[in-house]
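So the chains spell out like this:
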Amino acid sequence: MREIIEDVLKLAKSLGAEFADLRVTEGTGTSISVQDGIADRVNTGHASGAGVRVLVDGAWGFAPTNNATAEEMKRCVRDAVSMAKAASADVSDPGMVCDIEPIEDHVEAEFEVDPRDIPLSQRVQTVYELERAARETDRRIVNTIASYRDSAGTSIIANTAGTYITGTAVRCGLNIHVTALDGDVRQSASKHQSNSLGYEMIQAIDPQTFAVATAQKALALLSAKRAPAGKFDVIIDPLICGLLVHEAFGHNCEADAVWSGNSILRGKEGQQVAARGVSIYDDPTLPKLNGSFSYDHEGTPAKRHVLVEDGILQGYMHSLETAARFGVRPEGSCRCQGHNYGPIVRMSNTLIAAGDCSFEDMLADTKSGLYLAGGHWGYVFTARGQFTCNVENAWAIENGKLGQHYRNVCISGLTLETLSKVTAVGDDVRFELGGTCGKNGQGVPVDSGGPHLRISDVVVGGQE
Amino acid sequence: MPDLLDIAQLAVQAAMQNGAEFADASVGSGISVGVDLENSSLKECEVVRDYGIGVRAFYRGGMGTATTTSLSEEAARTVGRQAAEMAKATHGDPDFVCLPDPQPWEEVPGRWDDAVAGLPVDVVVQWCRAGIEEAREVAPEVALEGGAGLDYGEKAIASSTGVAYSTRGTSVDINFFAVVQRGDDVGAYFEFDAARRLEDFKPEGVARIATETALRFLGSRQIAKARMPLVLGPMAVSGLIGAVIGASNAESVQRRRSFMVNRAGTRIAAPCLTVREEPFIPGGLSSTGIDGEGVPKRARALIDNGVLTTYLHNSYTSNKAGVENTAHARRSGSSAGVGIGPSNLHIMPGSRTEKELIADIEDGLYIDYGGLQPDSTTGDISATVDFGFKIENGEIAYPVSTTMVGTDVFEMLGNIDAVSSDYREEPGSITPSLRIRDIMIIGGA
Numbered sequence: 001m002r003e004i005i006e007d008v009l010k011l012a013k014s015l016g017a018e019f020a021d022l023r024v025t026e027g028t029g030t031s032i033s034v035q036d037g038i039a040d041r042v043n044t045g046h047a048s049g050a051g052v053r054v055l056v057d058g059a060w061g062f063a064p065t066n067n068a069t070a071e072e073m074k075r076c077v078r079d080a081v082s083m084a085k086a087a088s089a090d091v092s093d094p095g096m097v098c099d100i101e102p103i104e105d106h107v108e109a110e111f112e113v114d115p116r117d118i119p120l121s122q123r124v125q126t127v128y129e130l131e132r133a134a135r136e137t138d139r140r141i142v143n144t145i146a147s148y149r150d151s152a153g154t155s156i157i158a159n160t161a162g163t164y165i166t167g168t169a170v171r172c173g174l175n176i177h178v179t180a181l182d183g184d185v186r187q188s189a190s191k192h193q194s195n196s197l198g199y200e201m202i203q204a205i206d207p208q209t210f211a212v213a214t215a216q217k218a219l220a221l222l223s224a225k226r227a228p229a230g231k232f233d234v235i236i237d238p239l240i241c242g243l244l245v246h247e248a249f250g251h252n253c254e255a256d257a258v259w260s261g262n263s264i265l266r267g268k269e270g271q272q273v274a275a276r277g278v279s280i281y282d283d284p285t286l287p288k289l290n291g292s293f294s295y296d297h298e299g300t301p302a303k304r305h306v307l308v309e310d311g312i313l314q315g316y317m318h319s320l321e322t323a324a325r326f327g328v329r330p331e332g333s334c335r336c337q338g339h340n341y342g343p344i345v346r347m348s349n350t351l352i353a354a355g356d357c358s359f360e361d362m363l364a365d366t367k368s369g370l371y372l373a374g375g376h377w378g379y380v381f382t383a384r385g386q387f388t389c390n391v392e393n394a395w396a397i398e399n400g401k402l403g404q405h406y407r408n409v410c411i412s413g414l415t416l417e418t419l420s421k422v423t424a425v426g427d428d429v430r431f432e433l434g435g436t437c438g439k440n441g442q443g444v445p446v447d448s449g450g451p452h453l454r455i456s457d458v459v460v461g462g463q464e
Numbered sequence: 001m002p003d004l005l006d007i008a009q010l011a012v013q014a015a016m017q018n019g020a021e022f023a024d025a026s027v028g029s030g031i032s033v034g035v036d037l038e039n040s041s042l043k044e045c046e047v048v049r050d051y052g053i054g055v056r057a058f059y060r061g062g063m064g065t066a067t068t069t070s071l072s073e074e075a076a077r078t079v080g081r082q083a084a085e086m087a088k089a090t091h092g093d094p095d096f097v098c099l100p101d102p103q104p105w106e107e108v109p110g111r112w113d114d115a116v117a118g119l120p121v122d123v124v125v126q127w128c129r130a131g132i133e134e135a136r137e138v139a140p141e142v143a144l145e146g147g148a149g150l151d152y153g154e155k156a157i158a159s160s161t162g163v164a165y166s167t168r169g170t171s172v173d174i175n176f177f178a179v180v181q182r183g184d185d186v187g188a189y190f191e192f193d194a195a196r197r198l199e200d201f202k203p204e205g206v207a208r209i210a211t212e213t214a215l216r217f218l219g220s221r222q223i224a225k226a227r228m229p230l231v232l233g234p235m236a237v238s239g240l241i242g243a244v245i246g247a248s249n250a251e252s253v254q255r256r257r258s259f260m261v262n263r264a265g266t267r268i269a270a271p272c273l274t275v276r277e278e279p280f281i282p283g284g285l286s287s288t289g290i291d292g293e294g295v296p297k298r299a300r301a302l303i304d305n306g307v308l309t310t311y312l313h314n315s316y317t318s319n320k321a322g323v324e325n326t327a328h329a330r331r332s333g334s335s336a337g338v339g340i341g342p343s344n345l346h347i348m349p350g351s352r353t354e355k356e357l358i359a360d361i362e363d364g365l366y367i368d369y370g371g372l373q374p375d376s377t378t379g380d381i382s383a384t385v386d387f388g389f390k391i392e393n394g395e396i397a398y399p400v401s402t403t404m405v406g407t408d409v410f411e412m413l414g415n416i417d418a419v420s421s422d423y424r425e426e427p428g429s430i431t432p433s434l435r436i437r438d439i440m441i442i443g444g445a
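Line order of the protein sequences matches chains A and B.
Read in the working numbering, the first sequence has 317 at position 317, and its numbers run on one by one without any break.
Read in the working numbering, the second sequence has 238 at position 238, and its numbers run on one by one without any break.
Excised from the complex, chain A in its bound form (with noise of 0.2 Å):
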C-alpha cells in the first residue's frame, strides 16, 4: 500500500498541489440495542475508503473514494485538483500549509480485550442484563434502552512533505436511556459511556452504579418541581463544567472560528478571558479516554494544549492552515469524522482544571443558588460567544444546604462574562462527558470534564 501511496501523492505533485495527504481506513463496528426486555436490534457496518486532499494555487480540492485502489485514488486526486482549480481564482485568503518534519510512524491500540474476540450472543447478553437492572428497578419504569457498540480498525495518513503513519485503534461505547412515568408526569434520564478501549470497558462496568443508579435518577425526577427562572449563584457539577468548557470556552478557542472572525476570543492573547484561578487544557494525551489520539488526522503528534492558565489566554487549537497563519507550531487539534470528510480544527478531551476548594466547602460557603447536575447537550454561537448548556437537575441551596429538586432546565450566558463570574473552582476533576461533538456537519469522538464550580450570577431558564 505504501508504494501505491507515494504514486497517489506524487501524482498530486505532478498536477501541481504544493502540498497534498490523504487518510486511508477500514473498519467494522457492531452494535446492539435491547429495549423493554428485548435485544430486538443487532447491527455489523464495514466501511472503508480514502480521502485526497490537496492544495493547489491557495484553494483546497477534496476528493474521497470507498474504494481505496490506486486507479480510485488517483481518480481523486485528479478530481481533487481539478475542483481546487475551480476555486483557485476566487480565493482571497490562500491556503497554507505551516513546514512540518515528516514522521513515520505506527500506533498499535492499547487494549485487554478485543470486542470481535467476545462471542455475539454473550455481548448482546450483557446488554440485556444491563437493561434489565434498569427496568426491573420499580415498576414506574416504562421504557429502557441499552446500547453498545464496539468497532476496529486500521488508519494510514500520509502527506507530501514525507509523513506516512499508519494505526490500528478500538472503541467501546454503551448508553442507557429510562423513561419514568408516574401519573401525567414523564421523565428520563441517560448514562453514557464511550472509551478508547476494548471489551474490558464493558466487564468493568457495575449494574448498579451504571443502570440502576440511572433508573433511581429518572425517578427523582418524577418528584421534582418546575424550576426557578431568573439570575442565580450556581455550582455545576464536573459533567456540566465539561459541557460548559467544552461548548462555551472550547469551539471560541478552534483557531479556525478565530482566523474567520466567528470567535470572541479573536485578539485576546495575553488578556484574562477567565477569573484567576481558571485554567483551562486540551488534551489528547490523557489515556484511553474518548478523545484520546497519538495523532490527528492530518499526522501532526498529540500534545496538552495549555489555553488559559490562571485565567490569561495562552493560545489556540490548531491544524497545520492555522498555525501557520499564527505563525504557532501545530499540536495536532485537526481531526474528520473519516474518509469522506476533510480534517478541521477540533478539541479532543477539555478540562477545567482542579483547584482547591472541595464541595462540601464549596456548598457550606453559599448562602443562596442553585446546584445543577448531569445534563447531555449544549451548543455555542461562537460569534457572539453565548452559550446554553442542558441540566438534567437543579437543587435549591439555602443557607449551605441542598433543598428543593427541580427538573431539567437550560442554562446561558455569554462566555466571558460567565468565566469571569467563577468564585470557586472544585479540587475533583471528573471526565464523564464521553460522545461525540458535532461541527461543520462532522462528528468526531471527545470528552470534556472538570470539577465542581460557583459561579455568579447564571440565568436558568426555567419555568417558575
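Source of the hints: derived by calculation from the structure; they are not laboratory data.
Virtual Cβ for every residue (Gly too), placed ideally from N, Cα, C.
One or more hints might be untrue.
Listed below are several chain A residues computed to face chain B (Cβ distance under 7 Å; list not exhaustive) [stated by the list, open to error]: (1) Arg41; (2) Asp93; (3) Val142; (4) Asn262; (5) Thr388; (6) Val459; (7) Gly461.
30 Å max Cα-Cα, derived DSSO-like pairs, lysine-lysine [claimed, not checked]: (8) A/Lys367 <-> A/Lys231; (9) A/Lys421 <-> B/Lys202; (10) A/Lys225 <-> B/Lys225; (11) B/Lys202 <-> A/Lys85; (12) A/Lys401 <-> A/Lys217; (13) A/Lys10 <-> A/Lys74; (14) A/Lys231 <-> B/Lys225; (15) A/Lys217 <-> A/Lys367; (16) A/Lys268 <-> A/Lys421; (17) A/Lys421 <-> A/Lys401; (18) A/Lys85 <-> A/Lys74; (19) A/Lys439 <-> B/Lys202; (20) A/Lys401 <-> A/Lys367; (21) B/Lys225 <-> A/Lys401; (22) A/Lys367 <-> B/Lys225; (23) A/Lys231 <-> A/Lys401; (24) A/Lys13 <-> A/Lys85.
For this one, chain A is given, so just place chain B on it according to the hints.
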C-alpha cells in the same frame, strides 16, 4: 455502476437464503459537489461520490442490520448474510408482524432536474463569489461563512414481500452565515435557499439578507424577566412545529417516552393552528410518492384546527397498534435503519400579516430563528434566544442577549393566538409566523 435495484434484490435474496423470515435492502449512490467559504474567501471545493448497501433482516421479529460502503454483487451477498446472522442473534420481537406488500404508487414530478445533475462546478463557485460581493456591498468588514453545493443520486429499495422500486433526486443549496464585528459588538445571521430544480433556486440575495440582518443584531441588550407575548418568525416556527410533529412518532409514543402519549385525537394547540402534510408538491424538497418501506404516501392534516389527527406510523408501529399505516417510514441513502418522519409541511396561514400581529404588542419578544424545541420526553421548553428582538409599542425595538424562554410545549401551542398571512416558502413547504400570548421570558438584566 451496477443496477442498484438488482443489487438490492440480491442482498434481500442472500438474507432470505441465510434464514431471515423477512428482509429489505436499501442501496444508494450519489454525487455531491460543494464549495466552502471561510472569512469571506473561497476555501475548498470538494466532490464526493458515496454509495453503499444497507440490509434489514427479521428473524422471529428481531431485526438484524448490516451495512457496507462497497457496491458490488459480492458485497450484496455478504451484507445480506450478515444481516440474517445479526437477526438470529436478537431475542426476537413478538410485536413485529410483517413488512408491507407492494402497492401501486406514482412518482412526484420535479424530484429530478437534469440541469442540476449536469451543473459545472464553476457555476457553484460563481454563486459563492456573487454572495461575497453582495455581502461586502452591505458591510465591507463582514466575515462570511457557508457555501453552496448540489447533490444528485439514486436510491433503490427491495423487500422479500415484493417491494421493488428506485427513485432519483437532485438538490441544490446555498447558505451564508454573516458576522459583522464592530469593536466588542457582534451581529450575526444565517440565511439559505434550497431547491430540487434549478428554476426554483434563487441564490441571489441570500448573502445580502444574511448580512443586512446581521447588522440589525448589533447593539443587543439584556432585558428583565417578565411574562410577555412572543412572536415566532417562520424559521423559529419551523423548528418548533418540526419538533412537535417529530414527537408524534408512533414508536416513541408506543414506547411511552414521548410527551405526545394519549394525545392523538385530542386538542394539542389553539384552534388557529393547522399543519398539513403535502407530499405531492412538484419539485418539493421532501416530496415523495412512496415511503421508505414502499407504502404510497397521502396528503393529510396532521394537526387540524389544533387537534392532533394521527401519530406517524411505519409498518412496525401500525401493525403493532392494529391501525392504518400512515406511510411515514423514512430511510436515506444506503442506511439500513428506518426512521419515522413527515414529508413537506404546510402550516396554514391566517388573515393578518406578521407586521400587523406585532403592531398589537406593547411589550413583547420576537424570535427570528432558533431552537424552541421541547424536551422530547417531558415537553418542557427551556431555550436560549440567539436571534431575538424586543418588541415595544408595536414595533421591533432592539436585539436581545442572554435571554431565555421557559415554558412547556402545550402552554406554548395552547397560547397561540394568531397565525400570520404572510409566510416563508421553500419548495414544498409553507411556514408563516405565530403569535403566542403570555410566555415566561427570562432576561439577564
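Does the structure break any of the earlier hints, and which numbers would those be?
Checked against the structure, the only hint that fails is number 9, while the rest are satisfied.
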